[in-house]
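Knowing the structure of chain A, use the given hints to seat chain B on it.
These protein sequence lines map, in sequence, to chains A and B. So the first sequence is numbered by full-length UniProt numbering: it starts at 1 and just counts up by one. So the second sequence is numbered by full-length UniProt numbering: it starts at 1 and just counts up by one.
Treat the hints with care, as some may be off.
[To be verified] Once the Cα atoms are required to be at most 25 Å apart in a straight line, the calculated DSS-like pairs of lysine-lysine come out as:
| id | chain 1 | residue 1 | chain 2 | residue 2 |
| --- | --- | --- | --- | --- |
| 1 | B | K554 | B | K210 |
| 2 | A | K70 | B | K563 |
| 3 | B | K563 | B | K552 |
| 4 | B | K303 | A | K70 |
| 5 | B | K303 | A | K65 |
| 6 | A | K69 | B | K210 |
| 7 | B | K576 | B | K636 |
| 8 | B | K88 | A | K211 |
| 9 | B | K303 | A | K69 |
| 10 | B | K636 | B | K552 |
| 11 | B | K7 | A | K211 |
| 12 | A | K69 | B | K368 |
| 13 | A | K35 | A | K120 |
| 14 | A | K211 | B | K450 |
| 15 | B | K450 | A | K65 |
| 16 | B | K636 | A | K69 |
| 17 | B | K303 | B | K563 |
| 18 | B | K217 | B | K303 |
| 19 | B | K576 | B | K552 |
| 20 | B | K566 | B | K552 |
| 21 | B | K552 | B | K643 |
| 22 | B | K368 | B | K563 |
| 23 | B | K368 | A | K70 |
| 24 | A | K123 | A | K233 |
| 25 | B | K88 | B | K9 |
| 26 | A | K65 | B | K368 |
| 27 | B | K210 | B | K552 |
| 28 | B | K552 | B | K303 |
| 29 | A | K70 | B | K450 |
| 30 | B | K576 | B | K210 |
FYI, nobody ran anything at the bench for these hints, they're computed from the structure.
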Amino acid sequence: MNKKGPLYAMFFSLFLLLPGCSSLTVLNPQGPAAKTLSDTIILSILVMLGVLAVVYILYIIMLVKYRAKKSNEGYIPPHEEGNIWLEATWIAIPIIIVAFLSVVTVKTTHAVENVPADYKDQKPLVIYASSSNWKWHFSYPEEGIETVNYVNFPVNRPVEFRLYSFGPITSFWIPQLAGQKYAMSDMTTYLNLVAETQGDFLGRNTNFSGKGYAQMEFTATSMSSDDYDKWVKDVKSTASQLTEDKFKSLLAAAHVGRETFSSTHLTFSPPPAEHSEHMDMDHSNMDHSNMEMSTDEHSHQSN
Amino acid sequence: MNFDLEKFKVHGEPLIYGAMISIALVSIGIVVGLTVFRKWGWLWREWLTTVDHKRIGVMYILAALLMLFRGGIDALMMRLQTAAPDMKFLDAQHYNEVFTTHGLIMILFMAMPFIIGLMNVVVPLQIGARDVAFPRLNAVSFWLFFFGAMLLNISFVIGGSPDAGWSAYFPLASLEFSPTVGNNYYSLALQISGIGTLMTGVNFIVTILKMRAPGMKLMRMPMFTWSVLITNVIIVFAFPVLTVALALMMFDRLFGSQFFTMANGGMDMLWANLFWVWGHPEVYIVILPAFGIYSEIIATFSKKNLYGYTSMVASMLIISLLSFLVWAHHFYTMGQGVMVNGFFSITTMAIAVPTGVKIFNWLFTLRKGRISFTTPMLYSLAFIPIFTIGGVTGVMLAMASADYQYHNTMFLVAHFHYVLIPGAVFAVIAGFHYWFPKVFGFRLNERLGKHAFWWIIISFNVAFFPLFILGLKGMTRRMYTYSAETGFGPLNMISFAGALGLAIGFVILVYNIYWSTRYMPRDENGDPWDARTLEWATHSPIPEYNFAVVPKVKSRDPFWAMKHDKQPLFEDPITKIHMPSNTGKPFVLGVVFFFLGFFLVFSMWIPAIVAGIGVLIVLAAMSFERDHGFYIPADKVITTEQKLGGGTV
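Bound conformation, chain A alone (with noise of 0.2 Å):
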């Protein structure tokens, strides 16, 4: 009977665990696209757990009933070729789990990788998120301002953040607001995401980039609009602007703190062209014209 302890043990230590739940950023979602996220994973979570118990408990019974002992010792187990029947079910139940599985995340992949439901009427706030080192540039087209290791946007409002990278592959993730998605540097990738609540959410990258990966994070903060506007406002009229030699120094840098400045790098230093080839059909729905950008990226393209 030794081998039980342990076992349960695990399904013990399993319970203690789970009161943590509100300080596992994951599943304390501030925004739609990590809440279907979060709802996702518990699903999921909970179907599993459904298919351990299965597993477990038939597990038990077997080595409780079936070990050798005293008593049935000189007992000769059958031959048993298998069960056409009983060996149909356990492939037919998974194909039914993973089914229902496969739905659940096509549409739930569709939900997070547009403009959440809710908020469609609304026209996105366009970022351009750029990593370099291990800093992480915030340009915003539509205001006409930089910043480095930080990023404001309204609450309520869609965010689409554009990302790419000056150098290694990296992973922008905000958790609390959405999911993360490669920044590269031959291709820009695209990031829905809309904060319900204000406050500061800690923001980093996720993909190994070298020495000073674990300290590349930013703070990503969501405001009332109004505040939104003031902060613009001060940044146009007290922030020095980007120039191409700063800009260029700034790259250079390994690590810098925050940084504000009241012009972008987009101009003298255009993001890469967009991940066309696998863009999704949604994307191509969304209305590019009316965005400030949209003119310099497209001829970007054409080069």
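For chain B alone, coordinates are given in the frame of chain A:
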């Protein structure tokens, strides 16, 4: 040519000086020991030049055990460094090298050679063959693997280890962002041992298809042989991709080509695609044989035949097909859209179906059995609940949307350790305990074996379960440090404690080998477990010719049928036996390949060209050599058989 000693040096770390000193001491110890005990001739004749599949298997396993400890020490250093916030044990560069080599060594130089070692020892015996189809090629495979592994290992003290992760994503792994020679070692060490593995693949496919004993139809093969056959088919399809990818990587790094760079049309994600087109099947290369090992052990110690044999074979075939259709799940977050991610989600989740079939078949093999809890059986039984956790979290990760939150986090790290450790490490340990008496003629001590087992099983869960939660808390992998505010500290400390426990378990395991060698009683009949398959029908230790008489197979568990249904297995008279002769050339080939690799790593062109010519010379010498092997005369076979206790005649 300007010779620059500086680039060989690895600076600063007391750990590295410690490693240098210990490597030097161990090497001197081995040389002195061999000289004092006059064992050089013995080493050369019996081991370095051997073409015997059993000895090659033993050497694979020895090398794998050594690498287990090398990779294990890497793991301990990592867990120690992250045990508490703001630890100062390793710096970023060192930590990056440690996690890179940990991954490389554990997958390519521990798990895979351990499995290839077991398959070398067992498969020819299981199919009633005298050796593998190409015994010399087998020796070449081993020495290429061995010297590839050594090349990677010396990087730690000469020039610096690879530091861009075991997946070596570009452009990070390019010369621009990884200017040290570390990733040169990566491309060359993996290339050399990879060529060896590819040859193993060809060798074992031919062996299994062409050298089975009369009567052993495909559907009568033991499950381990089936798993090995399918694994080697995967190797033959997957490894050429690695060969090409590594060659392109080498061109990029050594000759300034631009396949994966940022500028001039290089495509960084092409590397990721090539790497995972090989890399995902690679996961099944290390896991499918484990399924075979467990099938043998669970059947043996339940005293039952394997339940659902046909569906077991079918599920392995389906897994092998699907393994080539899932690679893009490694980069769902690359922005490839709903269509592509959806496709790869479904193929990935589909793997759960055949895997589930196997789990239930094992459970039903136990049903109505008479289960005895020996050490190999304990590992096999512990595999089921733990691997199931790995499996279900795999399904969770397969869901592309959810993966946006798990990708590159500790959740992923926990998942693949929950798959690979029970799926490969427990399996090779179980197989090691199970087949050990076959090779050496005595069992490992059961009491010590069980001690090690409980340490390993419990510590494993302590070490890796917390990582699931850390992942959901937002801790990403490969971070060498974190601040206290993140709250990652306590769970990481628990995980470190588990890692220590695992280390203790492995030390007990090795102590068991030492203890058992000295004190365990020798085995009398070659069948200590009352097993079912052919390998147990010959003596322990196994005579060089395996079977004095080629067995005639009439059922799936022929040895069981012989013992319990009195079905005769060895009917023919003993005749002379043809054997391949030993050769030193594979070893020499390994050595010149090692030097070729080493000189290329440091771009020392003239010596590299000399070594390259050396490779060609050895290859030419091998191909022009006429060697027809030799015969063991019948009367010598009879005397050997009588000395070992008869039985087969």
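(Q) Please verify whether K636/B and K69/A have alpha carbons no more than 25 Å apart. (A) Status violated; Cα separation ~46 Å.
Q.
Need the status of pair K70/A, K450/B: alpha-carbon distance at most 25 Å?
A. 21 Å, holds
(Q) Can you confirm whether the C-alpha distance between K552/B and K643/B stays at or below 25 Å? (A) 24 Å, holds
Q. For the pair supplied as a hint, K7/B and K211/A, is the alpha-carbon distance within the 25 Å limit?
A. Between K7/B and K211/A the Cα gap is close to 20 Å, so the pair holds against 25 Å.
Q: Mind checking the alpha carbons of K217/B and K303/B for me, to see if they're no more than 25 Å apart?
A: 23 Å, holds
**Q.** Given pair status - K233/A, K123/A, alpha carbons within 25 Å
**A.** Judged against 25 Å, a Cα distance of about 20 Å means the pair holds.
**Q.** Holds or violated: K65/A to K368/B, with C-alpha atoms at most 25 Å apart
**A.** Distance ~8 Å between K65/A and K368/B Cα, so the pair holds.
Q) Between K554/B and K210/B, is the straight-line Cα distance small enough, at 25 Å or below? A) 18 Å, holds
Q.
Checking one constraint from the list: CA of K563/B to CA of K552/B, max 25 Å. Satisfied?
A. Status holds; Cα separation ~14 Å.
(Q) Would the hint linking K566/B and K552/B be met if the CA-CA limit is 25 Å? (A) 13 Å, holds
Q.
Between the alpha carbons of K636/B and K552/B, is the straight-line distance 25 Å or under?
A. Holds. K636/B to K552/B sits at ~23 Å (cutoff 25 Å).
Q. Straight-line Cα separation of K303/B and K65/A no greater than 25 Å?
A. Given that 25 Å is the threshold and the Cα spacing comes to 15 Å, the pair holds.
Hints 6, 14, 16 from the list above are not met by this structure, while the remaining hints are.
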